[in-house]
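Enquirer: Since chain A is already given, all that's left is putting chain B with the ligands on it; use the hints.
Listed below, chain by chain, are the residues.
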Amino acid sequence: MIKETAEILFGRWDFFLPLIYEHLEISAAAIIIATAAGLFLGVLISQYKILSPYVLGATNIIYTIPSIALFGFLIPFTGVGNLTAVAALTLYALLPMIRNTYTGIANIPPAVTEAAEGMGSGKIQLLFRIKLPLAMPVIISGLRNMAVMTVALAGIASFIGAGGLGVAIYRGITTNNAAMTLAGSVLIALMAFTADLLLGAAEKAIKKKKYLPLKIASAAAVFLFAALFFTAGDRDGVIKIASKPMTEQFIISEMLKMLIEENTGLKAEITKGIGGGTGNIHPAMLKGEFDMYPEYTGTAWKFVLKHSDNPPDEMMIKTIKEEYEDKFGFRWVSLYGFNNRFGLGVRKELAEKYGLKTYSDLAPYSPGLVFGAEYDFFERDDGYSALSSYYGYNFKSTADMDIGLKYSAVNSGKVDVINLFTTDAMIPVSDIRILEDDRNFFENYHIGTVVRKDTLEKHPELLKALELMDGLISDEEMAAMNYAVEAEKKSDRETAAEFLISKGLLKEAP
Amino acid sequence: MSEAIVKFENVSKSYGNRLIVKNLRFSIKKGEFVTVMGRSGSGKTTVLKMINGLIKADSGGIYVYGQDISKCALVPLRRRIGYAVQETALFPHMDAYRNIAYVPHISGWKERDVKARVEELADLMNLPASVLKRYPDELSGGEKQRVGIARALAARPDMMLMDEPFGALDGETRNAVQDELLKIWRRYGTTIFFITHDENEALKLGSRIMEMDKGALKERTERHDG
Ligand SMILES: Nc1ncnc2c1ncn2[C@@H]1O[C@H](COP(=O)(O)OP(=O)(O)O)[C@@H](O)[C@H]1O
Ligand SMILES: [Mg+2]
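The listed protein sequences derive, respectively, from chains A and B.
For the first sequence, this note's numbering assigns the number 9 to the initial residue and increments by one for each residue that follows.
For the second sequence, this note's numbering assigns the number 955 to the initial residue and increments by one for each residue that follows.
Read the hints as simulated data drawn from the structure, not as lab findings.
Don't take each hint at face value.
Straight-line Cα separation of at most 27 Å, DSSO-like style, residue types lysine-lysine; simulated pairs [claimed, not checked]: (1) LYS1069/B - LYS217/A; (2) LYS1069/B - LYS218/A; (3) LYS57/A - LYS1025/B.
One chain only, chain A, in its complex shape:
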């Protein structure tokens, strides 16, 4: 494990470096804003003490909101991506700043402030020449805690599509790559440790009254961050691709990027693994934060367009295309060929014994079989109970289990039937038969590229590049690529490139 992590760390430096940079950018923005706002509010409540219970109470409450929930609250206001991340991190960082500013000022010996006042200091002079400098050790120690916390917490921000090292962690989790997760965590820990070290040194310098080196260091830091922000801009000519947090979406988005860059003069940038998937990507597409993303027809039909029937493919696809154009100004460009729908898998030995081929075949045997699925499947309206009444299933018992454990459970005989997605990475190496949905219970999940129309108008050359994906990938090919990434730990980029090369769409890996 340690060896694998080290290999990933040193071998894929080009992957981690931009993440480190972005992690720094997000945390620094939150730290700087929270420092300024926290100082202001801390000073305010030390000046006007009646305000202090309200301000401290409110920030205390924010502090106790779980991060995922806070991100959820903020998305309607700030969208997905770095802005929400910075906003959420700033809100968390406020409390330690305000509290330490307030206590720092409250702990100054009254004789000192009274002497300054008695000698004729104005309010502002008293604040900047006496109170703040004397409260500084306490403020800096608050800043130190806050900075470490922010750097660590920024790792969660990739859940809502922000960049930074959380992308590596999240990627590791969604593609079943523990070494990647560990590598991301180690880097975050290192960054937090460095921040702690630097601010610890600043704290010491203040205690020893070495103000000059401190002033030089903070001026240098401000300059560095300013440079960081100014170089971060200029992303206008870049096509922004979003992807949901799933291995196959990572692979597909890499393919889209390669095809765009190979066939047009444009550059493309992928935001991988936006938590909440369509629920957050679709609004961001509407706002123009992204130009395109791979989407499934079933999701578009039910979740976005909110239809409840299940018409035949042709009808559904036609309607989706029309409604997307009319309602959102998006176009569906090409369908890749595979269909990542819900399916049922039975252990092969059982399927052969009972001659199971279709969902209907399963019904008479169900009272003797155990059904396994992830928790979510038992909860959703169109999940387990709807399926059971539709096909007349009456399973002996059910088990909810982690997605990652389903396949080993069915292979080892712990459960007999599982729900699955038809391109799951484990299918190629599992002893299961996928049954046919003969009475069409589950929607089809054909996948294609949803693109903003104004992007296509601005860059007409995109269309041809995107159409290269049409009918390119079968269920088996997608499952095999998912397996290559999730089980063989190949990078999604490498996997995508190899596939495109094998289809003659790319000459060499970029």
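Expert: Chain B with the ligands only, in chain A's frame:
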């Protein structure tokens, strides 16, 4: 010659239902060195802080340099009143130089003038240049007091308020700084209001010796020849 720099007219002050200052009437004339004695808790500090407006009177009128301090702006007034307190309350984050330069700095003096003034005061108070670079926690008790006095004198105030400034000093150093203070008083004619609980100090320094008792300031007539 006998204009009143400070004038209290029927001033009262109480904390809760405890009357600390009771219908106080008194005035300080220009150039007087007033020493004030009295029991601990008798209200000396309260009177002193009412002169520069750190404590507000409940009733009565207080006039400083002829101005009613309940009506005039306190910040510019305070800059014309030197202020030195027990334990000196030096600013711990400033070296001795910047402590002394504090009031000139906040009054917007030119740096050149500030520097000249600090050097002049350092000379007057026997503070070598090496001491000016030190922070308060690196100074001896005597050095702290000298810096404290220099700081109070920096902006050339016409009057100084001193609240037991030498309380923490041992005999010899105490004698030395007392002598320096007397030297300044004689040379510049600064009006001084000086609280002490040490009778010898009060007698040695004061041109007028008073005692705080039962909420009022009373003259003490006897005077040492020394
Ligand atoms: N802010 C305050 N609130 C309540 N009582 C106070 C306050 N300041 C001073 N006192 C009380 O007023 C009395 C006079 O105090 P002070 O003027 O400091 O006396 P002195 O300087 O003569 O020792 C004391 O009993 C003291 O406890
Ligand atoms: Mg006192």
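Enquirer: All hints are to be evaluated individually against the structure, with a verdict given for each.
Expert: Consistency of the hints with the structure:
For the hint pairing LYS1069/B with LYS217/A, the CA-to-CA distance comes to about 22 Å; that is within 27 Å, so the pair holds. Of the pairs offered as hints, the one joining LYS1069/B and LYS218/A holds, with about 22 Å between alpha carbons and a cut-off of 27 Å not exceeded. Taken as a hint, the LYS57/A and LYS1025/B pair is honoured in the structure, with Cα atoms around 26 Å apart against an allowance of 27 Å.
Checked against the numbered hints given earlier, the structure satisfies every one of them.
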